[in-house]
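Chains as they are written, first to last, in my numbering: chain Y, 1 to 194; chain E, 1 to 191.
Careful: at least some of the hints might be erroneous.
PhoX-like, lysine-lysine: derived pairs with alpha carbons at most 20 Å apart [claimed, not checked]:
(1) 80/Y with 176/Y
(2) 80/Y with 103/E
(3) 176/Y with 111/Y
(4) 80/Y with 63/E
(5) 103/E with 63/E
(6) 130/Y with 103/E
(7) 80/Y with 53/Y
(8) 111/Y with 130/Y
(9) 53/Y with 108/Y
Treat the hints as calculated values from the structure; they're not laboratory data. Quantities reported herein were computed from a predicted structural model and do not represent experimental measurements.
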Amino acid sequence: MKGIRTVSPFVLAAAVLTIAITPSPRLLAQPATTQLSRASDNSHTPQWSVQVKTVDPGDASISASFQIAIYESLLDELSKTKKFKQVFRDGERTSSDDVANLLILRTKVEKYTAGSETQRAVTTVSGATKLTVRSQLCSQDGQVVFERTVHGEVLFMGSNLRATHNLARNVAKTIKQSALPAPSISALAQNGQL
Amino acid sequence: MNVAAALVGDRSFRIPRSAMMVLILLLGSTAGLFAKKGSGTANSTVVFSARATHLLGFEGAKKNSTGTLSIQDGVLRFQKGSDPAVQVKIDSVQDVFLGDESKQVGGLPMTVGKAAVPFGGGRVVSLFAHKKYDVLSMEYVANDGGVHGAIFELSSGQGRRLRDELTALGAHASSNDERKQSKMEVSNERN
Chain Y
1 MKGIRTVSPF
11 VLAAAVLTIA
21 ITPSPRLLAQ
31 PATTQLSRAS
41 DNSHTPQWSV
51 QVKTVDPGDA
61 SISASFQIAI
71 YESLLDELSK
81 TKKFKQVFRD
91 GERTSSDDVA
101 NLLILRTKVE
111 KYTAGSETQR
121 AVTTVSGATK
131 LTVRSQLCSQ
141 DGQVVFERTV
151 HGEVLFMGSN
161 LRATHNLARN
171 VAKTIKQSAL
181 PAPSISALAQ
191 NGQL
Chain E
1 MNVAAALVGD
11 RSFRIPRSAM
21 MVLILLLGST
31 AGLFAKKGSG
41 TANSTVVFSA
51 RATHLLGFEG
61 AKKNSTGTLS
71 IQDGVLRFQK
81 GSDPAVQVKI
91 DSVQDVFLGD
101 ESKQVGGLPM
111 TVGKAAVPFG
121 GGRVVSLFAH
131 KKYDVLSMEY
141 VANDGGVHGA
151 IFELSSGQGR
161 RLRDELTALG
171 AHASSNDERK
181 QSKMEVSNER
191 N
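Pulled out of the complex, with its shape left as it was, chain E reads as follows (with noise of 0.2 Å):
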């Protein structure tokens, strides 16, 4: 146990007070980046952020466009690539739905692909090239007044997590049988 404890502690105590004094400084140094990163998020928070493909009607956006859906200070943010991003404010979202859908992978190549495998092989290929997706779909009022729609193609399970996020920070979620009831109401009261 001497012998442990003089091997450690003698060397322990022999670090040059230079040394020291730099490793405090980058100590202190990181801790202030840290710092420094710790405000910027929380002027922009990215509460959610997932691929996704605008299938259609986000004002802006090109169609089958694939991209970053993001929700940040209140917005939600769609952006290709390099392209400018298009954002509507989550307040004027009205309401959000969540389906699933089922597709085939692969797009127009695959597709002649399995239409050029002899005995129709393609065919037993199509039963297992198919993929399930969320389909995101919403409606908001822009300024102006006027109802816009929108449906984002989501991998599975993002399209939950969407929905979630965006009813927390106000937006209203239905399932059809709530908007079917909803009309119903409407139009027998217009009766």
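Bound-form chain Y, shown alone (with noise of 0.2 Å):
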């Protein structure tokens, strides 16, 4: 008895609150686990680089700032999704081992609605830029592997440019949630991955 009594409870309160809050050794090891499969994951599971071509204008009556600001773009916004190893430019040198899992993104502009920024400010409801375009991303056989219009417009705010900066992440979002086919064992084989 007498020992128990010694016992200050500021101690035991203490020592109450550390195994409250220190978690088990069995929890530590959980992340640290799954980041390793994760990583390990990663290693093994192959993926795609892709290669942007200029924009192509199509019928429609677009000008170079647009055409460029698009392609530039579309580079920024999927080099931020993570999807592809790497993002190349048009014309851009690849090693052999890239080329392996390459794909090529091509952009063709199917319409196009030039604004007006003071239109828009002025009338609010009118003077929207809009575009549309058709993105493909092609295997190195020619082989379509993804296939979507996407549009890009700016209706209240911002400049017309602006239209391009939404299109290009409309277009990347579209290629993130969709489900590409993995690269080909021949491929594979030829980058030494299997």
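These two chains come separately, so use the hints to put the complex back together.
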């Protein structure tokens, strides 16, 4: 009885708190193992690389600045998705390893409605800049693995070029959400990943 | 007449020899200074220089940053304040396009201010608060062969000057119609 009395209630409270706060060794180990398994998954799962081609204006009377802005924004946004191992520019020299798992992104403008920032500011309801493009991801042998029509627009605030940024973000989002087929086995063998 | 000649003529010959020597030395030194400056500019000739806003694409430069765009020693250079300059060789510029754009002035603060004006007064302000800019777009090829595109916004009239200077130095300038035509030709050749 005497021994029990000597233990301070503060010490007891501290001990209880320590036990309550400290997670069990099993719980501590769990995230580490999942991280390890994820890392190992990444090391084994082959990833596509993508090469972005310059924008084809099609029949739309779109200005060169818009084509360039779409191309540059696509490069930016695709890099942000982390869906691809590498994002290459049009004409960029790629190593043989990259070529094996390379997809080519072609973008063709289908529809373009020129807007006006002043008109938007004055009327609010008119003067929107609208863009519609056809995006295709093709493999090296010309097989289309992804094809979508994507829109981008500026309705209220912002400069006309903002439509290109919105469009590129939508393209990248659509590609990210889509399930691309795994790179072919022959490509993997060529790449030394098998 | 005689009086005037006596007043001017006599005094003109009374400049002390030492003062003359100082004057000659002074003239000589300034001439040397000018000659030195001249040789300095001959090494790095600034063909064009103007304030510009980099909208996107020029590798190494921040988006929507305003700085000085210049052509010097066969390179197109963009420098924002004291930041290190970013440059590309004019030889690598493949195509230059010129366009114009009308923008609302004042940015976000102005937009908020206009929205706060009662009875739609902000819309009337918007009708007049816009400015025309030249938009110069260009395509260039980097060392790795990759195609880059860059867009700059310059005050009205400067874009044309820059395009002319770039074409004079060997860059190719084309209109949108030409570009479309060449693309169509390429696609026909493929078919």
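Evaluation of the provided hints:
A threshold of 20 Å between alpha carbons decides the hint, and for residue 80/Y with residue 176/Y the separation of about 10 Å falls inside it, so the pair holds. A threshold of 20 Å between alpha carbons decides the hint, and for residue 80/Y with residue 103/E the separation of about 29 Å lies outside it, so the pair is violated. Between the alpha carbons of residue 176/Y and residue 111/Y the distance comes to roughly 23 Å, so the proposed pair goes past 20 Å and is violated. Restraint check for residue 80/Y and residue 63/E: the C-alpha separation of about 16 Å stays at or below 20 Å, so the hint holds.
At roughly 17 Å between alpha-carbon atoms, residue 103/E and residue 63/E fall within 20 Å of each other, so this suggested pair holds. Restraint check: the Cα-Cα separation between residue 130/Y and residue 103/E comes to about 17 Å, which is no more than 20 Å; the hinted pair holds. In summary, the hint linking residue 80/Y to residue 53/Y is supported, as the alpha carbons are separated by about 18 Å, within the 20 Å threshold. A C-alpha spacing of about 8 Å is found between residue 111/Y and residue 130/Y, which places the hinted pair at or below 20 Å, so the restraint holds.
Under the criterion of a C-alpha separation no larger than 20 Å, the hint pairing residue 53/Y with residue 108/Y is consistent with the structure, at around 10 Å.
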